[in-house]
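Residue numbers (the numbering used here), protein chains in the order written: chain H, 217 to 324; chain L, 769 to 884.
Source of the hints: derived by calculation from the structure; they are not laboratory data.
In this text the structure is predicted, and so the values were computed from the model without any measurement.
Treat the hints with care, since some could be wrong.
Said to hold, decoys possible - Within a straight-line C-alpha distance of at most 30 Å, the following computed DSS-like cross-link-like pairs (lysine-lysine) qualify:
1. LYS219/H with LYS825/L
2. LYS219/H with LYS268/H
3. LYS782/L with LYS268/H
4. LYS219/H with LYS311/H
5. LYS285/H with LYS268/H
6. LYS285/H with LYS219/H
7. LYS825/L with LYS779/L
8. LYS825/L with LYS311/H
9. LYS825/L with LYS839/L
10. LYS825/L with LYS782/L
11. LYS779/L with LYS839/L
12. LYS779/L with LYS311/H
Given next are the chains, with one letter for each unit.
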Amino acid sequence: DAKTTQPPSMDCAEGRAANLPCNHSTISGNEYVYWYRQIHSQGPQYIIHGLKNNETNEMASLIITEDRKSSTLILPHATLRDTAVYYCIVSNDYKLSFGAGTTVTVRA
Amino acid sequence: DTGVSQDPRHKITKRGQNVTFRCDPISEHNRLYWYRQTLGQGPEFLTYFQNEAQLEKSRLLSDRFSAERPKGSFSTLEIQRTEQGDSAMYLCASSRPGTGSIYEQYFGPGTRLTVT
């Protein structure tokens with residue numbers, strides 16, 4: 217059963233910010249929001265995770281709404297190498313349930 | 769940090785043969801996971817080890833599949849009597865002990881299995 221909803225695809229211009237939405241309206245209080253991405257023919261790569269507060273690291277920022285029912289992953293300056301499938305996952309244990317994700321294509 | 773490694777990267781086998789894949793996790797990681805990914809789909813959880821103990825197996829892991837992690841280091845995934853439906857990418861991941869970010873999993877490059 218899908219816990220998250222993401223758009224199937226989106227395009228982004230190189231150098232611009234990419235904002236990837238995710239809905240998780242049934243998230244429970246102890247579930248984290250995780251973002252992973254998978255570049256073609258590689259294993260998934262951890263990007264960022266959060267519980268309630270917004271988070272930022274060297275790769276991206278994660279904005280979680282106050283009710284925690286949705287979140288946005290922000291890639292501040294997209295490059296061609298950011299072209300990948302991006303997965304939004306909610307989990308409170310070791311089992312990550314990947315959905316279909318959002319295929320992000322960064323165009324020059 | 770040398771990353772998670774998997775061997776082989778590609779395997780082609782005939783239906784009915786047995787295959788074994790190996791995963792070497794990041795050295796200080798005590799948790800190890802196997803996932804399977806078919807074309808166009810996200811990875812699906814198969815099984816989880818904490819040290820040498822296999823703590824969970826998905827229903828996807830039929831009795832033809834067996835995974836081991838002797839001594840809590842590397843892990844092997846064996847598929848007996850392979851079927852064409854077993855064709856997929858088999859991914860291994862590991863994570864470190866502790867709290868907070870323990871579920872930050874680091875994935876290997878995967879082993880692509882093709883059953884002919």
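query: Hint by hint, which ones does this structure get wrong, listed from lowest number up?
result: 3
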